[in-house]
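Participant: As given, the protein sequences belong to chains X and V, one line each in that order.
With this note's numbering, the residue at position 74 of the first sequence is 77, and numbering never jumps.
With this note's numbering, the residue at position 233 of the second sequence is 268, and numbering never jumps.
None of these hints come from the bench; they were simulated from the model.
Mixed in with the good hints there might be a few duds.
To be verified - No more than 25 Å apart at the CA atoms, straight line, and that leaves these computed lysine to any residue pairs for SDA-like:
hint : chain 1 : residue 1 : chain 2 : residue 2
1    : V       : 125       : X       : 123
2    : V       : 125       : X       : 122
3    : X       : 169       : V       : 287
4    : V       : 125       : X       : 97
5    : X       : 98        : V       : 124
6    : X       : 74        : V       : 48
7    : V       : 125       : X       : 41
8    : V       : 125       : X       : 169
9    : X       : 98        : V       : 121
10   : X       : 98        : V       : 119
11   : X       : 66        : V       : 52
12   : X       : 98        : V       : 212
13   : X       : 5         : V       : 287
14   : X       : 5         : V       : 53
15   : X       : 13        : V       : 116
16   : V       : 125       : X       : 26
17   : X       : 13        : V       : 138
18   : X       : 98        : V       : 200
19   : X       : 5         : V       : 200
20   : X       : 71        : V       : 53
21   : X       : 66        : V       : 53
22   : V       : 125       : X       : 22
23   : X       : 134       : X       : 110
24   : X       : 92        : V       : 55
25   : V       : 125       : X       : 7
26   : X       : 98        : V       : 37
27   : V       : 125       : X       : 64
28   : X       : 71        : V       : 122
29   : X       : 98        : V       : 282
30   : V       : 125       : X       : 77
31   : X       : 5         : V       : 122
32   : V       : 125       : X       : 213
33   : V       : 125       : X       : 34
34   : X       : 5         : V       : 137
35   : X       : 98        : V       : 123
36   : X       : 85        : X       : 56
Because the structure is a prediction, the values reported are computed rather than measured.
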Amino acid sequence: MKMIQCISPKSGGTLEVFGMDVDTHQRQIKSHLGVVPQENNLDPDFSAYRNLLIYARYFGIPKRQVEKRAKELLTFMQLEEKRDVLIDKLSGGMKRRLIIARALVNEPELLILDEPTIGLDPQARHLIWEKLRNLRAEGNTLVLTTHYLDEAERLCDRLVIMDHGKILVQGTPADLIREHAGNDVVEVERTEKVVARLEELRLNYDLAGDIIQVFTNRPNDVAQELLEVCRHEAAVTVRPATLEDVFLRLTGRSLRE
Amino acid sequence: MIDITTRVQSVWRRNWDAFLRTYRVNFIPPFIEPVLYLLALGFGLGTYIEAVDGIPYPVFIAPALVSISVMYSAFFECTYSSFVRMYYQKTFDAIIATPVAIDEVIAGEMLWGATRGMIYATLMLPVLLLFGVVAMPSSLLLIPFAFLAGLLFAGIAMCFTAITPSIDALNYPSFLFITPMFLFSGTFFPLDILPEPIQYFALAALPLTHVVGFNRAITLATFSPINLLNLAWIAVATVIFFVLAIRLMRRRLVV
């Protein structure tokens, strides 16, 4: 991420952003990027509004132009009331929203977000997701990293799952789920009877601790079989497969048989 | 090479804006400091001192007070304040995500430190005039010279900031370098009463010696060839530390 942002020197290979080499066109690339860092680096010496003005000055945007844009961005991020409030007085969610507003001040062609909702409460996360979806709907390109797979599932058109710096798979969240987990998951407590029955039926299953997970496109049939085996003594749950299932299956930790 | 464009002014302006936001506290020290020193040392202790080399004691220390103030304001701005911006506030990280280069961030910080020194010298001047301890109009030169001297101390400070492991470690240069300079650079007594080796050491290694020497020539309106040496020493050292600070900072921040 830092190499794309032209902050860290390239460790190897070739890297072009907007068709420009990151080694030779750093300023041109950076002037078209919006960056939302994981760590809050808003300027604590200034109010929300002046943070936007001062940031725009680093891009060399004329003052008159930016005043209008700053007001629009504060409105878009629902921060108008906090316009003249110092950064320390803002909540975590407001700071994140202001950082996103700041990243948009130069009307970037590409918005890079590093864990945009880390450490936020559910309401604040949902508001940020809504704003990011709005931006996407307006035709902006967003690149984001996240460990929250529900976030990736909601926001991404195209998803790359990486483990130890290597790309494992890529595609749309729906395709990845279908391909690597199936439509549904049947979960049941791990007992010998259940295992025996699954072997008999020649069904693939994963062990996740003391829970057995069966990835299947026929969840009701499987659930029915398992309920009979358990004689309705243990709970059998059926739920749609998620990216989290894909991620755990791909990055290991489970026994495949 | 060093990559500096006019964008450096956006970094300088950020600090100027922050300074103006808290101008009341910032403007007090340059008024109070010379009054306190002149009263306590100049006119208090000074009553026991006839004259130094034929110069009344308050007149002798007046240029030193300006020099010390410039040194402190530029040095502390580019050590503790810059370190806070760099390390705790992550302000540098925020700026280098924009088209501003790291070299410009560091240069902007140093130019700001120099400006701060110049602002302090400017504010002190009317107080010194009121006490009648500086000659006019030559003393107007204190102001532009404060920028140059400020840039020197800002550069030295930024080198320490670039290599310091923590904010506490900045106490070492403050106490082992700045405080001795405050006392032994021809500030409150002339350099030539010290043993000769120490005099040479002061001239070679204590930047404040040259700043005080030049400022004293300005406030007394008596220039001599040695002042050219002062000026040359300061100019060369300023360039060296300016470039060195940027290089050390790159090493710290570009990872």
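Participant: Run the structure past the numbered hints and jot down the numbers of the failing ones, going up.
Facilitator: 3, 8, 12, 14, 15, 18, 22, 26, 28, 29, 32
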